[in-house]
Every structure is written in structure tokens, then in C-alpha cells.
Amino acid sequence: MDWLDLIVVVLVALILTGAMATLLLENMLGAAVASALVSLGVSVFFVLLRAPDVALTEAAVGAGLGGLLLALAAKRLGLWRIEVQQEEKQS
Amino acid sequence: MKRYGTLIFASGLAFLLFVMFAALPLGAPPMTVGHAILDQAASQVGAANIVTSVVLAYRGIDTLGELSILFAAASAVGLIMGHARHDKPAGAPGGFILRAGVDLLYPLILMVGFYIILHGHLTPGGGFQGGVALAAAIILAVLARPGDLPSHAALSWVEGLAGAGFIATGLAALAYGHAFLTPLLTGERLGALVSAGTLPVLYIAVGLKVGAELASLLSRFTEEAAQ
Amino acid sequence: MSDFSLIALLGCAIGLIGIGFAGLVLGRNLFRIVLALSIAEAGANLLLILVGFRYGGIAPILEPGRTVANMVDPVPQAMVLTAIVIGVGVQALALALAIRARNAYGTLDMRLLRERMESDIDRAAGTTPDTSRQAPAGTRPLPPPLLAKREPLS
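Residue numbers (this note's numbering), protein chains in the order written: chain B, 323 to 413; chain A, 3 to 229; chain R, 1017 to 1170.
No lab work stands behind these hints, which were simulated from the structure alone. A couple of the hints might just be wrong.
Simulated pairs of lysine to any residue, SDA-like, Cα-Cα distance not exceeding 25 Å [to be verified]:
#1 A:4 / R:1024
#2 B:397 / A:102
#3 B:397 / B:355
#4 B:397 / B:359
#5 A:4 / B:349
#6 B:397 / B:352
#7 B:397 / R:1117
#8 A:4 / A:19
#9 A:4 / B:348
Far from chain R, some chain A residues (derived; all Cβ distances over 12 Å) [said to hold, decoys possible]:
#10 35
#11 114
#12 130
Fair warning: this is a prediction, and the values are worked out from it, not measured in the lab. Backbone N, C-alpha and C fix where the C-beta goes; we use that ideal spot for every residue, glycine too.
Okay, chain B solo, but in the shape it has when bound:
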């Protein structure tokens, strides 16, 4: 098992942990960041699988634009932590 296999195994563990964290984290913003982490790890795998075009698209669209979309939507849904506390105080 050479160093490339080791890198692949570490990245697989990281991606699966990020996927579980997306489903299990209480904080919605943390779940959005974990989903961006999964996209980033998958784009590294695309580079290792000799697909640079797809890796560029996944990093830009999945991690970058998708993460931005989730953060903006979380702000509109009131899922940022500070605003949730203020809303609970008001209601």
C-alpha cells in the first residue's frame, strides 16, 4: 500500500465523516459547511481520477456556489445562530 492509497483512504474517511456530520449536526450552518467539505473532497477525487474539467466544475459549482447558496438561504431562513436566539427572545 503506497502513499497514494494512504491519501485515498484518508480522504474517503474525511468525506464520509463530512457526510455524516451534514446529517447529524444541530447547527444548520455547520451542516452547510460540511456539505461544502464533501464537495471539495469529491473534487480532489476527480483530480485523482484524471478528470480536471469535472474537478474544476465541482469545486466552483458544488463547493463555491452551492456553499454560498446554502449560506444565503440559511440567513433568509433564520438559521444563523445569533439571529435564532434573537428571534426566540422576541417571540
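Dock chains A and R against the given chain B, drawing on the hints supplied.
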């Protein structure tokens, strides 16, 4: 009860998929279509990036379908989120680092986006990636100064004209007797910037359309809805 | 890339699909359901690119020194390019619908959302809203206990 049933079903589905895909020749695929395309792409289309020639020349209709899906999603988001309310005060502007950084980086990011779009037929990249970079530049400017929204009318004009340009370039191939979206003027000068005929033109149209669409979509999320 | 790496990548892709699917069915919050959908899509895209890989392959880009001899399959890469962009479009539309649902019903919890939507529909259609399954029976007789002996039907 539902939780255990779902976990058993998900693990059964994962096992089924694993068994199915492990039976495939994973490191040595037969690649019947792939070999044919790889052998003929350089002479038929003339783009150095073979994935670009597959996306725009061999499977151009799929790219047109993808553009229509993005257009449907972006206009549906525009319909759902409603118009911006201009009487409400905008959010707080971003901090000093964000404003200064955006002032410096906005033209650079636009340039990188256009570079990626224009070199899509030579290096990895192309219309979609470059369009995302353009949209990211515009939305960074909105995040730094929340009151300074891009004009939705201008963005939809750019998007409409770019989409029409894509279809017009495809229809121009009909005028020469080929099928719709066949690349014209191909085969000369593999590897130069001006090569592969109408492929850079198609990717410029795709990049502008995707960039304008995503910028309009993202700025809808930062506005207050009129309802 | 050896055999072991490819099996590990296959396991990762299918694990992502399984985790995404489980999150989709078991999600309590609408936002988490959208997140689970995007995870499942990432897993499916990884699976497609994995199938097109060859040992000792190089990226499908022609350069002056390269031949077509060892390139990986370009067709799944083109398909996945389309799929990634479509995935983000679907995600944007789902989030916009979630924002409108929360503005209309005040919550993102799936059970509360379902109850409020159904009572809204019942009120608009003119029928009486259904009582919740968890509410006590009121004046209705309770159903017979499961393990009691029943009389034969004949």
C-alpha cells in the same frame, strides 16, 4: 421504527449497488464510444480539450437542455422570491476587509472568469466554470455593499441575448446543410486560441448566460421579498 | 491508483449515495433534506467518473507531446459536467421553495409543516380538518387492543 426500516433499506441499496458496480471492469472499461470519439475528435472537431468537443459538438443538444434547465430554475426562483422591496433599509455593509478586497479583486476575478471561458477548448474549463466565476465576482460586490444591487433588467438582457446567440450559432449550421449545432470551421490549427471554429463562440454564449443567470439568482436571495 | 484505491473510491461513492438517501427519508428539517439531496448527487457523480477511469490513464486533453493512446473516457466526464450544474439549479429552486414555505407556515419542521399544510388545504376545500393521529380519540370509541382474542367471523 421508520428510522430502522430506512437504515436497513439504505444499507441494502448500498450493498446492491456495490455488488453491481464491483462486477464491472473498473480499471479497464471497454470504452467503445470513448475510443471512437478519442480517435476522431482531433480531426473532426479540432479542439484540444476533448471533453469540450464532447460537450459542445458530439452532445450539443444535452448542453442546450442543461441551459434550459438552468433558465427554468433561475426564472422559477425569480418568480418565487418576488420583487425587491426598495423602501426597506439594506443590511449592514461588509467589513473593511471585504470592501477593500472586493474593490481590488473585482476586475481580477472578472478577468479570470473570461480567461476560463475563452480557453475552454484548450485547457480544462469552459463556459460553465467561467460563468460561475463571473457570477461570484458580481455577488461579492453585492455582499460588500448590500444596497448596490445589480440591475435585473440588464442581467436578463445579457442572459437572453447570450441564449439567443447560442441557438443562432446552432441554427447557422443548418444553413450549411449540416445538423443543428454541428461545429463549423473546424479542423485547423489544433491548440491555438483561434481554433475549433464555432466552439469558442458557443462557450462564450454559455458563459455569459450562466454568469448572468447565477448572478441574478443569487442576488434574489439577498433581497427582501415584496410579500 | 491501484485496485485497492478503486474499491475504496467505489465504497465512498456508494456510501455517499446511501447516506444521502437515508438523510432524504429521515430528515426532520426541510433544509437538511436539501443538504442530503446534494450529498447523494455528489456520490452519484463520483460513481460515474469512477467507471470511466483506466489504469495508467491520462486526462483527455491533447497537448503537443500526447497521443490519444491512454486517455480516460471523455463521455462520462461530459455527462457529469451537465449533472453538476443541474444539481445546483435544483438546489437553488428547492431552497427558494423552502424560504417561501417558511414564510407562509412559520416553521421548517416536516411534521408541523405537513399538519399545517393539510389543515390549510382542508380549510380551503371546505371539509373539516382531520384530527391528528396523535391526538386522543375524544368521543370516538378506542380501537380494540391488538392482542385480545377476537370473535371468529362466521
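Evaluated hints:
For the suggested pair residue 4 of chain A and residue 1024 of chain R, the alpha carbons sit about 30 Å apart, so the restraint of at most 25 Å is broken. For the given pair, residue 397 of chain B sits about 23 Å from residue 102 of chain A by alpha-carbon distance, which is consistent with the 25 Å threshold. Taking the CA atoms of residue 397 of chain B and residue 355 of chain B, the gap is about 14 Å. The hint holds against a cut of 25 Å. With a C-alpha separation of about 19 Å, the suggested pairing of residue 397 of chain B with residue 359 of chain B holds against the 25 Å cut-off.
Restraint check for residue 4 of chain A and residue 349 of chain B: satisfied, since their Cα atoms lie roughly 24 Å apart, inside the 25 Å limit. Between the alpha carbons of residue 397 of chain B and residue 352 of chain B the distance comes to roughly 13 Å, so the proposed pair stays at or under 25 Å and holds. Between the alpha carbons of residue 397 of chain B and residue 1117 of chain R the distance comes to roughly 15 Å, so the proposed pair stays at or under 25 Å and holds. Taking the CA atoms of residue 4 of chain A and residue 19 of chain A, the gap is near 22 Å; set against the 25 Å cutoff, the hint holds.
Restraint check: the Cα-Cα separation between residue 4 of chain A and residue 348 of chain B comes to about 21 Å, which is no more than 25 Å; the hinted pair holds. For residue 35 of chain A, the requirement that its beta carbon stay farther than 12 Å from each beta carbon of chain R is not met, with the minimum near 6 Å. Every C-beta of chain R lies more than 12 Å from that of residue 114 of chain A, the closest at about 19 Å, which supports listing it as non-interface. Residue placement check: residue 130 of chain A does not keep its beta carbon more than 12 Å from all beta carbons of chain R (closest about 5 Å).
Checked against the numbered hints above, the structure breaks hints 1, 10, 12 and satisfies the rest.
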